[in-house]
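Assemble the whole structure, with the sequences as input and the hints as a guide.
If you count by our numbering, then the sequence shown holds residues 1 to 272, one letter each, in order.
One thing to keep in mind: the hints can contain errors.
[Claimed, not checked] Just the calculated beta-carbon pair ranges, DEER-fashion: (1) 222 / 129: 36 to 42 Å; (2) 268 / 112: 20 to 26 Å; (3) 210 / 183: 33 to 39 Å; (4) 237 / 159: 32 to 38 Å.
Hints are computed from structural coordinates only; laboratory data are not their basis.
The C-beta atom is built at its ideal place from N, Cα and C for all residues, glycine as well.
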Amino acid sequence: MKNTISCLSLILFALFFSLTTHSLKAQEATAPPAASAEELAKKLANPIANLISVPIQSNWDVGIGAFNGSKLVVNVQPVIPITLSPKLNLITRWILPIVSQFDITGEDTQQGGLGDAVITGFLSPSQSSLTWGVGPAILVPTATEAVLGGEKFGIGPSVVVLKQSGPWTYGALANHLFTVSGNEERDDVNASFFNPFASYNWKSGAGITATLEYTQDWEHDISVVVAHAMVSGVTKFGGQTVSLAIGPRIHFAPDNHAAYGLRAAITMVFPK
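Quick look at the structure:
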């Protein structure tokens, strides 16, 4: 299993590097004037914007379960757009979690490593009054410890719909994943994810965002519901444009949910 995971990780990295290089070259060839902080903030509020970005999102939760556990999940989430035609884009979104957890599976226990990756490709029209995208979501068993993943390949549909009006962005993203192969001794994957969101951005590039993340595990009849209220801003470190965001994680379900949590994110932006 470890050899398989290593091969998968190398394949994912090679594919990510290839797509990023291709997209950066395409952007350099047709680079318009630099976007304003407000324009970048609005693009970052759009999950399928035609913009290369690399969010690194940290989710820290404490007071979990019967053993009062804690967990830190750092999601590396590159977004790589590919122009297929003047009217159609392919927006690829990658999520690779790096997990560190204590007292989750038992008292005085700890685990750390990679979790399972999710890769989504949205086909999206480049010009539309209503922004939308649809495509496959793929679950890849990249977890380095059995407890951190499901050892299953999964696939399913994903869709995102949103509207941007003035400083406002609002919409929702959803997907469903089910098992197609993997370790037969592990439980199958059969899960739905729903993520409504709304944000407001000022001309300075500052913004506020409210999101709800609802996951329904149909295989085990478990609901996970977490809300976020984030403040963010666009700035530069040296010559690198970045967005910084922070806010609380508010858990509603399941019954053994974390007492409280925090989300912080830095997003490296590569504007056209």
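We went through each hint and held it up to the structure:
| no. | hint | result |
| --- | --- | --- |
| 1 | 222 / 129: 36 to 42 Å | holds, 38 Å |
| 2 | 268 / 112: 20 to 26 Å | holds, 24 Å |
| 3 | 210 / 183: 33 to 39 Å | holds, 38 Å |
| 4 | 237 / 159: 32 to 38 Å | holds, 35 Å |
The structure shown violates none of the earlier numbered hints.
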